[in-house]
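Engineer: Residue-level listing of the chains:
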Amino acid sequence: MQENYLAKWLNGELSEDELAEFKQSDAYASFIKLKEVSGTLVAPEFDVDKSLMELQNERIGNAPKVITLNPFKKFLRVAAVIVVLLTGSYFFVNSMDQTVTTQLAERSELLLPDSSKIILNADSKVSYSEKKWNEKRNVKLKGEAFFKVAKGKKFTVSTDHGTVSVLGTQFNVENREGFFEVTCYEGLVSVSHKNLDTKLPAGTSFLVLEGEVMEVSKPKGIQPSWINNESNFASIPLSYVFKELERQYDIKVNSKDVDTSLLFTGTFSNTDLNMALKSISTPSRITYKIEGNNVLFYAKNTP
Amino acid sequence: MKNVCEEQLFSSIFKTNSKTVFNYIYYKFGNEEKAHDAVQEAFVKLWENCAKVLPEKAKSYLYTVANNTYLNVIKAEKVRLKYAQPTLEHSNESPEFLLEEKEYKEKLDKALNNLPENQRTTFLLNRIDGKKYAEIAEIEGVGLKAIEKRMHLALKSLREEIDGI
Chain A
1 MQENYLAKWL NGELSEDELA EFKQSDAYAS FIKLKEVSGT LVAPEFDVDK SLMELQNERI
61 GNAPKVITLN PFKKFLRVAA VIVVLLTGSY FFVNSMDQTV TTQLAERSEL LLPDSSKIIL
121 NADSKVSYSE KKWNEKRNVK LKGEAFFKVA KGKKFTVSTD HGTVSVLGTQ FNVENREGFF
181 EVTCYEGLVS VSHKNLDTKL PAGTSFLVLE GEVMEVSKPK GIQPSWINNE SNFASIPLSY
241 VFKELERQYD IKVNSKDVDT SLLFTGTFSN TDLNMALKSI STPSRITYKI EGNNVLFYAK
301 NTP
Chain B
1001 MKNVCEEQLF SSIFKTNSKT VFNYIYYKFG NEEKAHDAVQ EAFVKLWENC AKVLPEKAKS
1061 YLYTVANNTY LNVIKAEKVR LKYAQPTLEH SNESPEFLLE EKEYKEKLDK ALNNLPENQR
1121 TTFLLNRIDG KKYAEIAEIE GVGLKAIEKR MHLALKSLRE EIDGI
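If you're matching them up, the sequences are chains A and B in order.
Per this note's numbering, residue 1 is the first one in the first sequence, and the count goes up by one each step.
Per this note's numbering, residue 1001 is the first one in the second sequence, and the count goes up by one each step.
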């Protein structure tokens, strides 16, 4: 018997031989009966005209006809916009510079693609392009940071005050309002400030205060003091010292009857506020008081 | 280009196909009311999209929409079909024969209800609506061979259940 022979039989498609064989089987009579009775089956009543009336009166009268003139064009328009947006944002995101920012009283370390290292002091920001790093080692800096540069191509730090370029060394750049200091701890650093190039050998500093290049003493140690949680100053006006204090502790410093242009030489701790305040006030012969997040420095003989 | 949006053409499509769409849904789910709604639904959709549907595609479009409308909704419901008509009262047959006929029809109804939905639909479209296998294949959107298979299996299981095998 061929496949699906019952269906063939019902449709009268069996060959004479097959039909004869099927008639021999016990089930034949049952199938004849089934064919006969199932032929008398009926489905429920369905009034075509009534249903059509209902359709026309109740449904189609209210249903708006949708006639789309060219649905594919519309699809293409939407697709094109999406493609443009996607590729655009891809390139935009890709070309964006990497940026690392520290808040007040915060420090951060980052590793550059060539394993050069940057340690960011409080309230500072560096940005660089990760994609173009191999062509151009360029870092933009606001604030203060210590650089340990891996040997390689020219490495440039751009700031508002000038640029610092090196080939591979360790140096610190502090770039604050009215204050620009570069200290070289190892190797040779070239500082370009107002079209004037200065070569800094290891163990020297370059300082610009309010636009004037200052003579500075040789820095101590092999890395900036703030790496060891201390802020070190050598003949720096008190106003800058106060600003650094604000950055390290996220506080507000005010002064009353204090000459903030007085030069301060010394160190304050970046972890113990009371110690830091004493370190500043004692040598300057002033006193202070703390009110919440505010510190007021005032002359000793005024109340 | 001719399309289904012409009222006359639309009405003629309705007249030739609505009954079968109704039966088709009824065989599938065994619910008269839902079958009725499915007809309305399918033709409203056809009307709304009349510009997009070519007349020769209208038929399969209707079955597809009707089927999709209830596919998920009533799959879970237990089918309770009733097809067999009571035999005419005034016939010349003996009471024994009439009783036997009645019993047979009850068994057939029960066996139909127990068939898988696609076998039942195929079987009844052929037996009640007189649809050829090729037409059923078009309605169901499957090949001719699949319909023959369903038909074969339907006959086989119906006979087995009725004969108590």
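FYI, nobody ran anything at the bench for these hints, they're computed from the structure.
Treat the hints loosely; a few may be bogus.
Which bits of chain B does chain A cover? Going by a derived footprint, with three or more residues having C-beta under 8 Å, they are [to be verified]: (1) 1015-1022; (2) 1056-1070; (3) 1133-1142; (4) 1158-1164.
All C-beta atoms in this analysis are idealised placements derived from N, C-alpha and C, irrespective of residue type, glycine included.
Engineer: For every hint, state whether the structure bears it out.
Structural biologist: Right, here's what the structure says about each hint:
1. 1015-1022: holds (count 4)
2. 1056-1070: Coverage by chain A is violated for the region 1056-1070 of chain B (0 residues, Cβ < 8 Å).
3. 1133-1142: violated (count 1)
4. 1158-1164: Coverage by chain A holds here, the residue count being 4 at a Cβ distance below 8 Å.
Checked against the numbered hints above, the structure violates hints 2, 3; every other hint is satisfied.
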